[in-house]
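Colleague: Each chain, written out:
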Amino acid sequence: MNFQRMILTLQQFWAEQGCINAQPYDTEKGAGTMNPMTYLRSLGPEPWKVAYVEPSRRPSDGRYGENPNRLYQHHQFQVIIKPSPDNIQELYLDSLKALGVDPLVHDIRFVEDNWENPTLGCAGLGWEVWLDGMEITQFTYFQQVGGIETNPVAVEITYGMERLASYIQDKENVFDLEFVEGMTYGDVYRQAEYEHSKYTFELSDVKMLFTLFNMYEQEATRAANENLVFPAYDYVLKCSHTFNLLDARGAISVTERTGYITRVRNLARKVAAAYVEEREKLGFPLIKKGEEA
Amino acid sequence: MAKDLLLEIGLEEVPARFLRAAMNQLREKTEKWLDASRLGYEKVEVYATPRRLAVLALSVSEKQEDVSEEVKGPSRKIAQDANGEWTKAALGFARSQGVEASDFTFKEVGGVEYIYATKSLNGQEASELLPEGLKSIITSMTFPKNMRWGAYDFKFVRPIRWMVALFGEEVVPFEITDVQTGRVSRGHRFLGSETSIAKASDYVESMRAQHVLVDVKEREALILKQIRDLAESKNWNIAIKEDLLEEVVFLVETPTALFGTFEESFLNIPQEVLITSMREHQRYFPVLDAEGKLLPFFVTIRNGDNKALDVIAKGNEKVLRARLSDAKFFYEEDQKVQIKDALSKLENVVFHEELGSTGDKVRRIRQTADQIAALLNLDSEDMQDVSRAADICKFDLVTQMVYEFPELQGVMGEDYARKAGEKESVARAVFEHYQPRFAGESAPASIVGSVVSLADKIDAIVGFFGIGIIPTGSQDPYALRRQAAGIVQILLDHKLDFTLEQLFDLSISVHEQAGNLKRTAEEVRKDLHDFFELRVKKLLSDTLRYDVVDAVIAAGFGDIPAVILRGKALMEAVLTEEEFKTTVESFTRTSNLASKSDNRKVKPELFEDEAERELYEAWTTLHERQKTRTSADEEGRKNAAEAELTALSGLRQPITTFFDRVMVMAEDENVRANRLALLAAIDADLKRFADFGKLVWQ
Numbered sequence: 001m002n003f004q005r006m007i008l009t010l011q012q013f014w015a016e017q018g019c020i021n022a023q024p025y026d027t028e029k030g031a032g033t034m035n036p037m038t039y040l041r042s043l044g045p046e047p048w049k050v051a052y053v054e055p056s057r058r059p060s061d062g063r064y065g066e067n068p069n070r071l072y073q074h075h076q077f078q079v080i081i082k083p084s085p086d087n088i089q090e091l092y093l094d095s096l097k098a099l100g101v102d103p104l105v106h107d108i109r110f111v112e113d114n115w116e117n118p119t120l121g122c123a124g125l126g127w128e129v130w131l132d133g134m135e136i137t138q139f140t141y142f143q144q145v146g147g148i149e150t151n152p153v154a155v156e157i158t159y160g161m162e163r164l165a166s167y168i169q170d171k172e173n174v175f176d177l178e179f180v181e182g183m184t185y186g187d188v189y190r191q192a193e194y195e196h197s198k199y200t201f202e203l204s205d206v207k208m209l210f211t212l213f214n215m216y217e218q219e220a221t222r223a224a225n226e227n228l229v230f231p232a233y234d235y236v237l238k239c240s241h242t243f244n245l246l247d248a249r250g251a252i253s254v255t256e257r258t259g260y261i262t263r264v265r266n267l268a269r270k271v272a273a274a275y276v277e278e279r280e281k282l283g284f285p286l287i288k289k290g291e292e293a
Numbered sequence: 001m002a003k004d005l006l007l008e009i010g011l012e013e014v015p016a017r018f019l020r021a022a023m024n025q026l027r028e029k030t031e032k033w034l035d036a037s038r039l040g041y042e043k044v045e046v047y048a049t050p051r052r053l054a055v056l057a058l059s060v061s062e063k064q065e066d067v068s069e070e071v072k073g074p075s076r077k078i079a080q081d082a083n084g085e086w087t088k089a090a091l092g093f094a095r096s097q098g099v100e101a102s103d104f105t106f107k108e109v110g111g112v113e114y115i116y117a118t119k120s121l122n123g124q125e126a127s128e129l130l131p132e133g134l135k136s137i138i139t140s141m142t143f144p145k146n147m148r149w150g151a152y153d154f155k156f157v158r159p160i161r162w163m164v165a166l167f168g169e170e171v172v173p174f175e176i177t178d179v180q181t182g183r184v185s186r187g188h189r190f191l192g193s194e195t196s197i198a199k200a201s202d203y204v205e206s207m208r209a210q211h212v213l214v215d216v217k218e219r220e221a222l223i224l225k226q227i228r229d230l231a232e233s234k235n236w237n238i239a240i241k242e243d244l245l246e247e248v249v250f251l252v253e254t255p256t257a258l259f260g261t262f263e264e265s266f267l268n269i270p271q272e273v274l275i276t277s278m279r280e281h282q283r284y285f286p287v288l289d290a291e292g293k294l295l296p297f298f299v300t301i302r303n304g305d306n307k308a309l310d311v312i313a314k315g316n317e318k319v320l321r322a323r324l325s326d327a328k329f330f331y332e333e334d335q336k337v338q339i340k341d342a343l344s345k346l347e348n349v350v351f352h353e354e355l356g357s358t359g360d361k362v363r364r365i366r367q368t369a370d371q372i373a374a375l376l377n378l379d380s381e382d383m384q385d386v387s388r389a390a391d392i393c394k395f396d397l398v399t400q401m402v403y404e405f406p407e408l409q410g411v412m413g414e415d416y417a418r419k420a421g422e423k424e425s426v427a428r429a430v431f432e433h434y435q436p437r438f439a440g441e442s443a444p445a446s447i448v449g450s451v452v453s454l455a456d457k458i459d460a461i462v463g464f465f466g467i468g469i470i471p472t473g474s475q476d477p478y479a480l481r482r483q484a485a486g487i488v489q490i491l492l493d494h495k496l497d498f499t500l501e502q503l504f505d506l507s508i509s510v511h512e513q514a515g516n517l518k519r520t521a522e523e524v525r526k527d528l529h530d531f532f533e534l535r536v537k538k539l540l541s542d543t544l545r546y547d548v549v550d551a552v553i554a555a556g557f558g559d560i561p562a563v564i565l566r567g568k569a570l571m572e573a574v575l576t577e578e579e580f581k582t583t584v585e586s587f588t589r590t591s592n593l594a595s596k597s598d599n600r601k602v603k604p605e606l607f608e609d610e611a612e613r614e615l616y617e618a619w620t621t622l623h624e625r626q627k628t629r630t631s632a633d634e635e636g637r638k639n640a641a642e643a644e645l646t647a648l649s650g651l652r653q654p655i656t657t658f659f660d661r662v663m664v665m666a667e668d669e670n671v672r673a674n675r676l677a678l679l680a681a682i683d684a685d686l687k688r689f690a691d692f693g694k695l696v697w698q
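Top to bottom, those sequences are chains E and P.
Take 1 as the starting number for the first sequence in the numbering used here and just add one per residue.
Take 1 as the starting number for the second sequence in the numbering used here and just add one per residue.
Hints were generated in silico from the structure; no laboratory data involved.
Mixed in with the good hints, there may be bad ones.
So the derived list for chain E, only partly shown, Cβ under 8 Å to chain P, looks like this [as the list claims (entries may be wrong)]:
| # | residue |
| --- | --- |
| 1 | Pro103 |
| 2 | Asp132 |
| 3 | Pro152 |
In the DSS-like style, the derived pairs of lysine-lysine whose C-alpha atoms are separated by at most 27 Å in a straight line are [what the hints assert, rightly or not]:
| # | chain 1 | residue 1 | chain 2 | residue 2 |
| --- | --- | --- | --- | --- |
| 4 | P | Lys345 | E | Lys171 |
| 5 | P | Lys694 | P | Lys581 |
| 6 | E | Lys171 | P | Lys307 |
| 7 | P | Lys345 | E | Lys207 |
| 8 | P | Lys568 | P | Lys537 |
| 9 | P | Lys145 | P | Lys155 |
| 10 | P | Lys307 | E | Lys97 |
| 11 | P | Lys318 | E | Lys171 |
| 12 | E | Lys97 | P | Lys314 |
| 13 | P | Lys568 | P | Lys495 |
| 14 | P | Lys318 | E | Lys97 |
Even glycine gets a Cβ: it sits at the ideal position worked out from N, Cα and C.
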């Protein structure tokens with residue numbers, strides 16, 4: 001099954017479970033969790049079901065397109081359901097079957113992995129799912145988002161698409177994956193991988209990045225003070241990505257690191273709190289809709 | 001009449017590391033509840049897999065025991081009027097307790113007589129008690145980490161998805177969140193299906209039919225057998241680490257061992273790296289040859305049957321290849337970094353807020369190690385090695401490999417140092433300075449490694465004591481107890497000729513110079529003394545009787561090899577010398593009187609009896625001997641300890657004669673004081689060996 005078919009299959013599968021097929025968010029981010037469709041929507045009492053692909057940038061994982069397993073940008077397929085349904089593990093396993101993974105001829109395990117994202121003030125309990133020893137999915141019950149206890153609890157399923165594909169297509173090198181017939185993953189992404197790595201490690205303007213970080217931080221604060229949740233959050237994401245670029249460049253010392261993470265986290269918390277406030281003002285409209293459905 | 005009781009809690013995969021404790025908890029809570037509910041039972045078995053926790057209580061009585069209970073009523077004065085008739089109060093009490101007033105008894109409590117009603121309580125049916133009881137057993141369980149799920153407020157280790165509760169053949173009805181108890185359990189995720197359990201005692205077999213081995217011991221035995229069979233058929237030596245086995249046992253419901261291979265070229269990476277990567281990341285068992293050399297194979301335990309093992313092996317090989325490629329990458333990258341550049345990075349690594357960076361710590365280790373080396377009179381080559389090893393002992397903390405696998409600290413340092421052209425003795429010391437890393441591991445073999453290890457450990461202990469962080473109870477976040485035990489072990493194994501006190505003072509002054517001490521040196525010294533006393537005691541107690549340990553430690557424990565030799569000599573004497581008890585009695589008598597004197601200056605001219613003079617002479621000879629005692633090789637020192645005890649024992653005769661013949665508390669004040677002074681002088685020398693009064697005789 002090619003890469004595109006896998007995505008389509010998962011979209012179809014989760015759409016049938018009542019999930020909205022949302023689109024990737026247009027601001028750089030390190031993980032699908034940071035998409036406001038997850039980060040913000042998992043807060044508060046309103047029910048929510050969504051599935052989407054998220055291109056996720058991890059500047060420090062860039063390897064100039066030379067490493068068969070590591071990428072500057074990889075793809076996560078993200079599912080969020082709130083409240084978490086009782087049969088969520090079974091649904092997940094069915095989605096693997098839809099991808100052609102027969103559990104009887106593989107070894108599938110749920111291995112403890114408590115997920116945390118300190119930058120966003122998020123914590124959850126769950127597992128990494130192993131397919132014959134390979135981690136293919138992060139499976140998490142959110143307990144806290146943006147420093148706020150979640151209630152009801154959302155479950156997050158994050159498929160690592162490249163890993164899963166390399167398994168399903170039996171390819172050693174991510175760049176050899178078949179994206180669609182006649183087109184490899186490398187054809188689509190290798191140049192960008194090389195250039196982003198080169199930029200990240202050798203070319204990025206550290207001084208500019210520090211300036212940008214401060215500007216984004218100020219703008220996020222300004223917007224958040226006006227309770228403009230979504231614009232404020234965009235700038236939080238920009239702060240986070242800028243920090244990642246600086247970190248990858250080795251421009252931030254171990255001691256300073258914690259300080260920067262705290263700054264981003266404080267902003268993220270502020271936005272999270274503002275989101276819940278704003279939804280409350282609107283009367284948590286999705287609760288009614290959920291009830292009707 | 002009795003029936004078996006089954007409770008199975010069906011869960012989403014519980015972390016393997018929690019399950020052992022959860023089983024114990026489930027057993028204890030069940031037993032406690034049955035006891036408190038006055039329900040007899042034969043025994044309680046507990047079972048656990050990743051997806052379930054279960055308890056089976058055999059032959060649980062169907063009815064509580066009947067008991068009678070005495071209930072205290074009003075005082076007799078209030079209960080009866082002047083004519084001995086029951087008052088309203090008494091009749092009311094009788095009604096409320098459901099007894100006849102004529103059945104009241106009287107009892108005196110604190111000088112006042114009260115009436116008592118004896119109520120007989122008829123035992124309730126177990127089936128009435130079980131729903132609430134079983135529910136409370138589950139809801140009162142605690143775990144290191146709990147979670148919420150769905151829209152429920154209830155917290156548990158992982159979501160509860162089903163519950164089986166059977167008393168004999170009957171379902172015990174209750175619910176938690178929206179889950180109702182029933183008789184339907186779930187089998188192995190892929191091999192099994194839902195299954196209805198007819199009666200409690202069918203549990204183990206019903207689950208076996210669904211490919212779930214619920215018995216932990218059975219799973220463990222099966223895994224071990226599979227691994228051994230594999231080892232035997234391939235002529236391998238498969239290293240089974242206890243904690244990994246324990247984890248794997250709790251990761252599977254149907255275990256099947258299989259093996260895979262990796263490219264031989266990875267064997268160029270140090271073996272420890274490969275083993276750690278396989279164990280920590282993948283939960284694989286490494287495969288060794290007869291000489292303990294790693295072979296390019298691994299063994300893993302699948303959660304399932306033996307279908308398609310080749311597919312699974314291939315998948316695992318792919319993962320391992322990626323892991324090992326990462327390790328190889330880190331290994332090669334790390335070697336491109338110069339040691340001096342790594343060292344400068346340590347300045348940015350915080351050791352502890354109040355104790356500075358790891359760079360600061362390294363400088364203190366260097367200072368301390370140099371001074372220890374000087375005290376030990378090491379030759380100039382060893383001295384240089386100590387300095388260099390101290391300088392670079394922490395450089396590997398900033399390598400990628402140690403970042404990835406913290407437990408490889410020291411291991412990587414040694415390897416990288418050797419490759420970077422450091423002297424063999426220095427490279428080795430970089431590893432050794434962490435030793436002993438765990439209880440049971442030996443001290444560093446080399447003197448260079450030992451010195452740096454002492455410096456590293458005492459620096460941590462004194463540093464933390466200096467800012468008031470002292471281990472209490474289970475609180476020992478910096479593993480200071482282990483480090484103290486390490487120091488004691490090193491001093492002992494190497495028979496190093498200096499004392500704990502010297503080591504304390506040295507490190508205290510280094511921390512003082514660094515401005516780290518938040519308490520007075522005196523306070524720190526006192527706490528260190530108490531802290532180490534316990535460690536030394538523990539060490540000695542492995543081989544010596546506790547009263548012997550107490551006795552010799554009371555004479556000081558700073559010189560650890562010496563205290564051990566004294567302990568051994570004393571133990572030997574206690575066990576083998578018939579007259580030793582009399583000897584000790586004479587010592588104790590001496591000590592008791594000696595405590596009345598604070599003067600040890602003996603004036604021979606005041607002696608009145610020959611026995612006084614004889615004792616004085618015997619003591620003088622001994623005292624001179626003690627003063628001229630010299631350190632020698634181990635054999636010499638051992639003999640010295642024995643000889644010293646023999647010499648001390650030689651005082652028994654003169655002491656006994658002295659007490660027989662001389663009246664210590666003489667009328668003449670000067671004579672009396674002189675006799676007490678003689679005893680005090682003797683006692684002081686005795687106590688340099690041991691406090692003999694602490695010995696216990698059966």
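Colleague: Checking against the hints above, which ones are violated?
Modeller: 4
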